[in-house]
Each structure stands twice: as C-alpha cells, then as structure tokens.
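**Student:** Chains as they are written, first to last, in the working numbering: chain P, 1 to 267; chain R, 268 to 534; chain Z, 535 to 801; chain D, 802 to 1068; chain F, 1069 to 1335.
One thing to keep in mind: the hints can contain errors.
Stated by the list, open to error - The calculated BS3-like cross-link candidates involving lysine-lysine, where the alpha carbons are at most 30 Å apart (straight line), are:
id : chain 1 : residue 1 : chain 2 : residue 2
1  : D       : Lys-822   : D       : Lys-832
2  : R       : Lys-472   : R       : Lys-368
3  : F       : Lys-1190  : D       : Lys-974
4  : D       : Lys-975   : F       : Lys-1123
5  : P       : Lys-127   : R       : Lys-322
6  : Z       : Lys-708   : F       : Lys-1099
7  : D       : Lys-974   : P       : Lys-174
8  : F       : Lys-1169  : F       : Lys-1123
9  : R       : Lys-441   : Z       : Lys-565
10 : D       : Lys-928   : F       : Lys-1190
11 : D       : Lys-923   : F       : Lys-1169
12 : R       : Lys-347   : R       : Lys-298
13 : Z       : Lys-708   : Z       : Lys-555
14 : P       : Lys-173   : R       : Lys-440
15 : R       : Lys-322   : R       : Lys-347
16 : P       : Lys-174   : R       : Lys-394
17 : R       : Lys-440   : Z       : Lys-635
18 : F       : Lys-1273  : D       : Lys-859
19 : P       : Lys-21    : F       : Lys-1273
20 : Z       : Lys-707   : D       : Lys-859
21 : D       : Lys-974   : R       : Lys-441
22 : P       : Lys-31    : P       : Lys-127
Claimed, not checked - Label-pair distances were calculated between CB atoms; the ranges are:
id : chain 1 : residue 1 : chain 2 : residue 2 : range
23 : R       : Lys-394   : D       : Ala-899   : 51 to 61 Å
24 : F       : Gly-1157  : P       : Lys-101   : 29 to 39 Å
25 : D       : Phe-818   : Z       : Phe-551   : 56 to 66 Å
26 : F       : Asp-1239  : P       : Asp-171   : 12 to 22 Å
27 : Z       : Phe-559   : D       : Val-976   : 53 to 63 Å
None of these hints come from the bench; they were simulated from the model.
Just so it is clear, the structure is predicted and the values come from calculations on it, not from any experiment.
For glycine and all other residues, C-beta sits at the position ideal for the given N, C-alpha and C.
Listed here are the chains, written in short residue letters.
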Amino acid sequence: MDIASFLGIFVGISLIFLAVKENIFLFLSLKSAMITFGGTFAATFINFPLAQVAKVLKVAGKVFFAKPLNPYDTIELIVKLAEKARKEGFLALEAEVAGIKDDFIRRGIQSVIDGVSRDVLKDTLEKQLDFLRERHALGQDIFVSMGTYAPAFGMAGTLIGLVIMLYNLDDPKKVGPGMALAIITTLYGVLASYLFFLPIAGKLKIRSEEECIVKEVALEGILALHAGENPRQIRNTLYAYLAPRMRSLERKKLMPLRKVAKEKKKK
Amino acid sequence: MDIASFLGIFVGISLIFLAVKENIFLFLSLKSAMITFGGTFAATFINFPLAQVAKVLKVAGKVFFAKPLNPYDTIELIVKLAEKARKEGFLALEAEVAGIKDDFIRRGIQSVIDGVSRDVLKDTLEKQLDFLRERHALGQDIFVSMGTYAPAFGMAGTLIGLVIMLYNLDDPKKVGPGMALAIITTLYGVLASYLFFLPIAGKLKIRSEEECIVKEVALEGILALHAGENPRQIRNTLYAYLAPRMRSLERKKLMPLRKVAKEKKKK
Amino acid sequence: MDIASFLGIFVGISLIFLAVKENIFLFLSLKSAMITFGGTFAATFINFPLAQVAKVLKVAGKVFFAKPLNPYDTIELIVKLAEKARKEGFLALEAEVAGIKDDFIRRGIQSVIDGVSRDVLKDTLEKQLDFLRERHALGQDIFVSMGTYAPAFGMAGTLIGLVIMLYNLDDPKKVGPGMALAIITTLYGVLASYLFFLPIAGKLKIRSEEECIVKEVALEGILALHAGENPRQIRNTLYAYLAPRMRSLERKKLMPLRKVAKEKKKK
Amino acid sequence: MDIASFLGIFVGISLIFLAVKENIFLFLSLKSAMITFGGTFAATFINFPLAQVAKVLKVAGKVFFAKPLNPYDTIELIVKLAEKARKEGFLALEAEVAGIKDDFIRRGIQSVIDGVSRDVLKDTLEKQLDFLRERHALGQDIFVSMGTYAPAFGMAGTLIGLVIMLYNLDDPKKVGPGMALAIITTLYGVLASYLFFLPIAGKLKIRSEEECIVKEVALEGILALHAGENPRQIRNTLYAYLAPRMRSLERKKLMPLRKVAKEKKKK
Amino acid sequence: MDIASFLGIFVGISLIFLAVKENIFLFLSLKSAMITFGGTFAATFINFPLAQVAKVLKVAGKVFFAKPLNPYDTIELIVKLAEKARKEGFLALEAEVAGIKDDFIRRGIQSVIDGVSRDVLKDTLEKQLDFLRERHALGQDIFVSMGTYAPAFGMAGTLIGLVIMLYNLDDPKKVGPGMALAIITTLYGVLASYLFFLPIAGKLKIRSEEECIVKEVALEGILALHAGENPRQIRNTLYAYLAPRMRSLERKKLMPLRKVAKEKKKK
C-alpha cells in the first residue's frame, strides 16, 4: 500500500480542517458540488469514451492500493525459468506458463515455447510495451483533463452565484452569505484539481515509469533466456541493467536488491 | 450513437439547471450571447477559411451521431476479398469494388486491380492516412481555437457591461443588475468553452485515433491481400495487430472480437 | 478576396456594436488607445527589427486582399512548359521565362535551362521552400507577440487608471467614470488581441500552408519536366499529388480541379 | 545602432507618460520598486549562476548598441583570404590571421593553416556554432525568467500593500492611497516584463539568428577556401547561400548585397 | 559555496522586509501557513513517491552548499591515470581505483581494468550519464510541481478566508482584518513559488548541465585512456573539448583552466 499518498491526502485535509475548524459547516454546499463536479464529469464524458471514464475510478484506486512492484521477484522468476529451459529445453516451460501471473512475461514465455524467432519475439514484446505506455498515457490524460475542467466549472459556479446575489442586492444582509456561497464553488474546483486530479495524474505517470522499467527488465531477461544464456549470467545482466535505475524506485522495494548486491560484493 | 456524450451534456446541463432552478430566467441575455458568440465566430472566421468553419457543424455532429467503427467488419471484408482474389485473381475484385463503402479500402483495392507495385501501394495508402490525420487535426484546431476565443470574448463582454454600469452609478439600484448582466457574458464564455468546444475537440482527437487504427488494420490487410497471403493467415495477423489496441476502443464495438478470440481458443 | 475574413470582422464588430448601441461613445478613449497600442507597438519594435514590423501591415493586408491561390493554373503552366521543352528542348524555355509571374517557378525553370543536375535542382528548390516557411513563421510570430503584448498593456493601462482614480476618492462622483475609463484599456487590449492579432496570426498560418502546398506541386512538376516526362503523365501525377490535399483548401479554388476530375472520369 | 529599439522604448514610454501627464508623480514608489525589482533579481540570482547574471547587463546593452552585422564584409574578407591562399598557399595566411577581428573566422583560418583535414575543420566549426547557440539561448533564458518573475513579485507587492491597508481600514481616507500604492507594484511588474524583459529576450533571439546566419556563411566560405575553390566562385556561392535569407535581415545591412546583385545582373 | 544563491535569497528577503518594516507582524499567520504549505506538501506527497520527496531537502541543500565542480581536477586525474596505464598497463590502475572519489570515473576505470571492449565501455558510461540526467530531471520536476501547487493552495486559502469573513459581515470592523488574513495565504503561495521553488528548480537544471559537461569530459578521457592515447595528447583533447563550454560555467571554477591555457600559449 502506498503510505505516502495516504499520508499526503490525510495531512493535506487535516491541515485545512484545522485551519477552518468550527467554521467547517460553512463550506458544505450541495449546489456548489453539483455545479463543480457535475460540470467536470459532464465535460469528461463528452471528451472521453464511456468505457474509459468508467475505468478511471479503478485506475485512481491503483494509486492507493497497488502492490509495490518487485523487480527482484521478476528477475528470480526469469532466472528460474532460464534454468529449467537450459536443462530440459524450451518445451519444458509449458508446465510453468499457467503459473505465471504477469501477463507480459507469460505471453513472452509462450512465444518462446512456440518457437518464434528472436526478431519476432523482440518486436512483439516491444510493441506490447508501447501499447502499455499508450494506455497509461490515456489514463493520465483523463485526470489532467479533469484537473483542467474542475477549476473552470468552479469559476462558472461562482459566476452563477454572483449573478443570483447581485439580483437580490435589495437585502444587504443577503450579500455576505450569497458571495460566500458563490466563492465556495471556486474553492471546490481548486481543491479537487490541485489536491486530487493533478497529483493523481502525476503519480500515475511515475507508477507507469516504474512498471515500464520492470517490464523492460523482463523483456531483457526473456530475450536472454531465448538466446540460451547462462542463468547466472542472466541474473547478473538484469541486476546490472536495473541497478542504475534503482534510485528512481521507492526504497522499500529495493531492499532485496541491496541485499543481493552486498552478497555479491562479499564473494 | 455515442451515449456517453449525450449523457455527459445532459447531466452537465441538468445539474447546473437544478442548482439554479427558479433563477434560471436571470441567466438569459441576448446581448451577452451576441457579444460572446458573435465575437467567437468572428475570430474563428478570420482565423480559418470559410469552407472549413462551415464543415465545423457537420464535424461536431459526428461526435454525437457517428456510427461506432467496427474493425471486425473491416477485417472480414478484407478476408472475403482476399479469398476471392486467391481463387479468381485480382481482376475478379473489379466486381466487388463498387460495393465497398469505405473510401480508403475501395481505393486500395482499385490500386491492387490496377496492378501497382507493393511499394507504390504502400506509399499511396500511407500518404492517404497522413492526409486523413492532417484533416482531423485541422478540425480539432478549430474547436480548440473556439475554446480559446469564447472565454476571451466573454470577458470582453463583461468589461463592456462594467463600463456601462459604472457610468450609471448615480442610480444605486441599477448597480446590481448591471453587474449581473456583465458577469453573465463571462459565464457564457466559460461554459461554451469548457462544456462544448474543448471537450468536443478532445473527443474528435480520440475518434480520430480510433479511425486511424481501423485504417491501419485495413492497410495491413490490403498489403497482405496484395502479397497473396493465405486469407486465414490474414485474419490471424489482423486480429493479432488489433488485439493489443482493443482496450483503447470502446467496449461495445469489441464484443465480436472477443467472441472470435474465444472461438479461436476453443479450437 | 477573402470574404470569410471580411464577414468575420464585420459580423464580430456589428454584434458588439449592437449590444452596446447608444452607449458606444462611452467606449472611445484616446488615452486608453495611447497606452494599449503605444505599449504594444513599442514592445513589438523592441522585439523585432524595424524592417520586419514595417512589413507587418503589408502582411496583414494579404489576409484580406490576397488573390486565392490557384493550383490548377500552376499545373497547367508547368504542363505547357513541359510540352514545349519536350518538342523544342530546354533552351526553348528561355523565351517563356520572363512571362512567368511566380518567382519560385521562374527560378526553377531558369535553373533547368542553365542545365543544373537533378540533385542540385531539387536541393535548391527545397531550400527556397524552407526559407519561405521561415519567413512565413516570422510573420506569424510578430502577430502572436502583438496578441500577447496587447492584453498586457491593456491591463497596465487599467492599473494606471485605477491608481489615478484611487487618489481622487474624495469625490465619490468621479469613482464610476474613473473606473470605467480604467477598464476600457483592458477591453481594448482583449479585443485587439482576440479579434485581430491572434486570428490574423492563425490565418497567416493557414495561408502559408496553402501556399506551400501549391509550391510543392510546382516543385514536383519542375522535377518531372526536368526528367523529360510525358506532359500528360505530369498532369496526372500533379493532380494525383494535389487531390488528397484538396479538402484542406477552400472550395472555390478547387472547382476547376473537380471539373477536370469529372472529365477524366467520363473518358 | 538599433534605431527601432530606441524608437520603440521612446514611443512606448512617451505615450504612457502623455496619458498620465500631471499625475506622473503618483506612480513613483520606492517601496514598490524595492519589492518588484528586489524580488525579481533575487529569484534570478537563485536561478542562475552569479557570473551569468552579471553578463546580463552587457547582453542587454548589445540589443541597443550592437553594430549591425555585415555579411557583405564577411564574404569579402573570406574571398580576399581565398585569393591570397590560392596564390601563395595556406601558410601565407599566417600574416593575415592576427588582423581578423571575428573570433570564429580567425580560429577557422588558423586551423586551415595548421593543416587540419576537412572533416576535422567542419566538425570544429560546427561545434563552435552549436556552443554559440547554447550561450545565446542561456541569455534569452535569463530574460524570459525575469519576465516571468517580475509580474509575480509585482503581484506579491500588491498583496502586501493590500494587507497593510486592510489593517488600517479605520481611517477611510487612507483606503484610496493605500490601494493605489498596492496597485503600483503590479504595474511595475507588468511594465518591466512586457516593455523590457520579454521584448529584449525576443530581440536577443532574432539577433542570435542573424549572427548564426553570418557565421554559417563564414563556415561555408572557410570550407570552400580550404578546398581550394576559385575565389570568384566562392563569392558567388556565398551570395547564393545568403540571398534567400536576405529578407530576414534588416534592410540597411543588405544594401551592399543588393548593389552587388545589381552589378552582377548588368554584366 | 554558491554565494550568488545566498545573496539572492538574502537581498530578496531584505528588500521585502524593508518595504514592510514595522508592519511585519501583520504578515505572520499560522493558519495561512498551514493551508498553503500543508496543501503543497500534501499534493507533492500524492504526486511523488515518499522516498523521493524525502530526498528533496537534501537536493535543495545542494544548491547552496554544493562544492563547485572542478573540471580541471577531473582532467588532471585522468591524465595521471593515463600516464600510469601507459607505463605499467591497465592492471596497475587497480591500486588507484579505491582512491577515486567520483563514482562515474571509478566505475569507468574499473571497467577498463576488467578488460571490457571499447564499445561496451562507451555504452555503459553513456547509459550512466543518461540515468544521471533522468534523476536530475525528476528532482527538478518535484520543485516545479511544488511551484505550481503553492500558489494554487495559497489561492484556496484566500477563498477559505473570504468565505469565513463573508459570513461575519455583521461586524464591519472584522471585514478588514478578515480580508487581510485571507490575502496573506495567497502571498505565502506566490512567494514560496517564485522566491524558492521555481528558482531552485531552475538552478538544479543549470547545476545538472554543469555536472553533465564534467562527466562528458571524463567520458571522453576514459575512452582516450582505454585507447592508449598519449597522456599529453589526452590533456590537450580534453581542454579543447572543454574550452568552448567554459563560458557557461562560473568564472571562478575556470581560473585554473585559463592559467593552463595561458601557459600553453607561452610555450
């Protein structure tokens, strides 16, 4: 679970709550929410296909509940498969394929079993990686668009509130609350955009980069397995490939890598 | 018909109506509409050629009434043609050409009948795809420009309204309605831009990408037909080409694809 | 003459006039114009060389008075030259050169007469096309810059007006007209930018693309003439080259093209 | 000397002065200047190395006092050197090297004397041109950054002024002048950015392009000299290279070019 | 130590303090800080992984306390190693490796000792340089994001303050201080963004470019050492490589370079 995101949202909302405290009830307005979020989702539905917007919630959930990627496990899985392939031949991998959870690796190994040439194998895997990047980019696009639409509809709501208030200027007591209500809509738009939509789009981008690095490591590994390289050599190559990218992944995931690196040093 | 877009516009407008309710008549202003939309269309007419702005309405209609693209039918059409070409020769396709509705495929098949070389065929089809992309881009450009002009003229209208109101400050009763009227123009500009022009530009972009994917599949198919490949092999190749792109198309269109994929698995 | 642009400006200004009507005299302010346009031209003069800003007016006139480009005439001219060259040799073109109005074609034909090689000819013509694009880009740049400067100086003028008004707060009767005057400057900046500078920059871009397409057709034609191709074949090639681009040109210009296309079909 | 820039600044400031006239003293505020320019320079010093910000003033001076580049002199210099080299050999150029003021040409000729190969010569000169472009880009960067920082600190100053004024609301007479003072800071930021920093950045870019064109002409000339080409042929080649770029340089500089072109026509 | 940055921050804050002077206490608001910085850090934590935000402080410190890079020492180190390698062979470098502080050079020399081929060596070093650039870019990204979030949350805080004030309009005495408090939040956001986050992002970019230039020099040097080039020749090549880039580094660091250049001239 991604503690930083949770912490971020929790602290952000807490600080704002604390600053507002006893006035919190002033900031609840159904009408403001209807205009800001109604408008944002409407524009998003016009902009993107239905099926994709539906996926948005699932994608957003990913940010908070996604299991951290473990490149260590990926490397060990490929090394294990390479050992088996070396001893018993590619066809022996058939028994393992069903047990591979990662779609990308399973399909790659299946292609190896099917006996495709190195060029075709490389081409297929790279194309799959490209499509993965495209899909990720679309997900980020939706959140960036929502981050653009939200403040705009927030402002539209404020303009609506101002117009209604201005027509009721006769009663000076109504001016204050009228303007307050009008302003809340912009506040909703700004907070939705800068506390949710845009940071989530940003994290999706980083998660996408992490996933693609692990996939690239897998791609290199499958190609090495296909070339019949020594399994121990494959492990070294993949760690060497991964090592300089380590720092851009989160610390926790990389502990095993460090352990292995240390053990290698001792030898 | 694109239900999501309709739903989007309907929900967006409904929510805003609901929030405004009995005050709705306050927001109707012919003068504001004249300034916002007059200015927007004026700037658009200066910016783009007459013929192209005329096409805009037709293009916008596309977003809501366009038949969903069906890559499945495209593949089956090309497979059918490939079967006939294999049995009876390219010239036998002459009888089929008139019945092909898709311009791109019809011209491609005509070129095959005319006996052009593979290189020329590929070059011609790719150029047509490029021009298609250019035309699509121009359509998006017009809507993006309108999405930029609308808020600007909305703001210009508000400034005009403010000036008139400020010269009539003597009568304090007129201040409120005067400002309200001024503000409505900005509201018109913001809603026109963020609820119509920009989301439509966005959806045109996505529709364009979908159309180009289907055209790319057709291009691959025509080249395979020209090379005299086995029709069954062509179907497999085209499905393989399409499969990873499936997820970026809307679900409904892809059901046939899934059915075929399942049937293939069973065999 | 470009009717759309005239219509655009006429309708845009009319609608705004109509909305303002009897208050129109409120919006005339020499001081506001001095600040907005003085500032804009000053910044433009600092930003761009004198000679280029001088050309700006001429360039802007182009948008409204430019004769529509006729790719049909260009093609027929080259076909006619190719026929003469085929019958009487390249040197016979010498007599025609002076009569060619288009600089690009005249220089190209002159090079053909001078006996340059195909590579040099192609290189020279492509470079000239590149420089044409560069010059066009600079013209667009100037208008985009003016479209950026105008609202900024409009706002500066409003700030100036506000300061003066605020120092004279003693007389509450002066507040309204003072603020009105201040706001007019921003209005000038916004209208100048979004009704003139930016749309003109946009149309210059589209005109530039049209001109470059016609020049590309001419380039292809001159190369074919140089290669001694059959004139009738050259006409076909150039129409084939132009046809898919037809839709991005304005309708009127293309009528001859359609006529020819129809006649070709009949044969 | 660049008259257009001087004219631009003079006219811009004059018009604004005229519009303000007797109120000019209202717009002088040391505190506003301290916040706007203090903040801008502070941010610039954090952003860029000390040595580079120091160069900024020198660079800005360039815009106004730079001698116009004369590609005509450059061409004649290279033709003269080529003539000498042809008659007396490359080593005879040794006597001329010290007298060449242009760093780029001097180093190029020195390399020719040192007997480097054509490939090394070309590579070295092109790299120097690249570094020149990089240095120019950095100078533009600094001005663009200042153009971004200035309005931000102007706004910060206005916020500061508003806060102070709002705490002193008891005295209604202070409200006007307080707000006026607050607004002046934003005015300073906007004028500094749009009348100085951004236009200067723009002109630096254009000057850079001009300088690079002249350097490219010199590069072509030195390579031709190194290849031992006929000096008269070199002159023709360089004029042909320069001619299509003429229009993007300022008129005055090009008079000699036109004269030469005319003389060539007469022959 | 980077004096310019310190000076920049010191002068910037001093000038603003001076302008505010006795009113300084008006600008201290815990609530405003809670909303602006709480929101900014919350959004940053959602956007970027925990480990990376933690590194941010360290990275920011770099701007102020980083030892200036000395390309002179780098060149001399490589020349010294090249001399030893020439006399005693690559294996003799084993004794020196541990003493090399720079990671990049140490790994490169280690690879030379391990006997990798030139292609592998070049490829490995270039990849490391690429990853270095990626890591630097991520650091800049975080600061740019913070520079975007800070003004947004500043504005959100102002909206919150306005709403609370507007509900308490009954007491006209509270209006001034209420609005003042509301405005301070925006001020915090603007200053944090334009005086810290964005300039620091800018300086990180420049520091990154400097570091990469020194690493490129090292890369060239290690390759030359590997090729067994004459050490004196290596020094000349590296100085020639560095010289044109000198001007984009800070003056102080380059004194040794100038000294060497002068000494070379004397000889």
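**Student:** Now tell me, hint by hint, if it's right for this structure.
**Tutor:** Going down the list of hints, with the structure as the test:
Under the criterion of a C-alpha separation no larger than 30 Å, the hint pairing D:Lys-822 with D:Lys-832 is consistent with the structure, at around 22 Å. Between R:Lys-472 and R:Lys-368 the alpha-carbon distance is near 23 Å, which keeps this suggested pair within the 30 Å criterion. Distance hint between F:Lys-1190 and D:Lys-974 is unfulfilled; the C-alpha atoms sit about 74 Å from each other, more than 30 Å. About 48 Å separates the Cα atoms of D:Lys-975 and F:Lys-1123, which puts this hinted pair outside 30 Å; it is violated.
Under the criterion of a C-alpha separation no larger than 30 Å, the hint pairing P:Lys-127 with R:Lys-322 is inconsistent with the structure, at around 36 Å. Taking the CA atoms of Z:Lys-708 and F:Lys-1099, the gap is about 39 Å. The hint is violated against a cut of 30 Å. Between D:Lys-974 and P:Lys-174 the CA atoms are separated by roughly 27 Å; this keeps the pair inside 30 Å, and the hint holds. Between the alpha carbons of F:Lys-1169 and F:Lys-1123 the distance comes to roughly 21 Å, so the proposed pair stays at or under 30 Å and holds.
Among the hinted pairs, R:Lys-441 with Z:Lys-565 is consistent with the structure: their alpha-carbon atoms are about 28 Å apart, no more than 30 Å. The hinted pair formed by D:Lys-928 and F:Lys-1190 meets the criterion: a straight-line CA distance of about 21 Å does not exceed 30 Å. With a C-alpha separation of about 37 Å, the suggested pairing of D:Lys-923 with F:Lys-1169 is violated against the 30 Å cut-off. Between R:Lys-347 and R:Lys-298 the CA atoms are separated by roughly 59 Å; this puts the pair beyond 30 Å, and the hint is violated.
Pair hint Z:Lys-708 plus Z:Lys-555 holds up; C-alpha atoms about 24 Å apart against a cutoff of 30 Å. Distance hint between P:Lys-173 and R:Lys-440 is fulfilled; the C-alpha atoms sit about 16 Å from each other, no more than 30 Å. The straight-line distance between the Cα atoms of R:Lys-322 and R:Lys-347 is roughly 35 Å, outside the 30 Å bound, and the hint therefore fails. Distance restraint check for P:Lys-174 and R:Lys-394: the Cα-Cα separation of roughly 64 Å exceeds the 30 Å cut-off, and the hinted pair is therefore not satisfied.
For the given pair, R:Lys-440 sits about 67 Å from Z:Lys-635 by alpha-carbon distance, which is inconsistent with the 30 Å threshold. Note on F:Lys-1273 and D:Lys-859: the hinted pairing holds, with a Cα-Cα distance of about 24 Å set against a maximum of 30 Å. Restraint check: the Cα-Cα separation between P:Lys-21 and F:Lys-1273 comes to about 41 Å, which exceeds 30 Å; the hinted pair is violated. This hinted pair does not check out: Z:Lys-707 and D:Lys-859 have alpha carbons roughly 50 Å apart, beyond 30 Å.
Under the criterion of a C-alpha separation no larger than 30 Å, the hint pairing D:Lys-974 with R:Lys-441 is consistent with the structure, at around 26 Å. About 47 Å separates the Cα atoms of P:Lys-31 and P:Lys-127, which puts this hinted pair outside 30 Å; it is violated. As the Cβ distance of R:Lys-394 to D:Ala-899 is approximately 57 Å, the hint placing it in 51 to 61 Å holds. At roughly 51 Å, the beta-carbon separation of F:Gly-1157 and P:Lys-101 lies outside the given 29 to 39 Å, and the hint is violated.
At roughly 32 Å, the beta-carbon separation of D:Phe-818 and Z:Phe-551 lies outside the given 56 to 66 Å, and the hint is violated. Taken as a hint, the range 12 to 22 Å holds for the pair F:Asp-1239 and P:Asp-171, whose Cβ atoms sit roughly 18 Å apart. Distance hint check for Z:Phe-559 and D:Val-976: the Cβ-Cβ separation is about 31 Å, which falls outside the suggested range of 53 to 63 Å.
Comparing the model with each numbered hint stated earlier shows that hints 3, 4, 5, 6, 11, 12, 15, 16, 17, 19, 20, 22, 24, 25, 27 do not hold.
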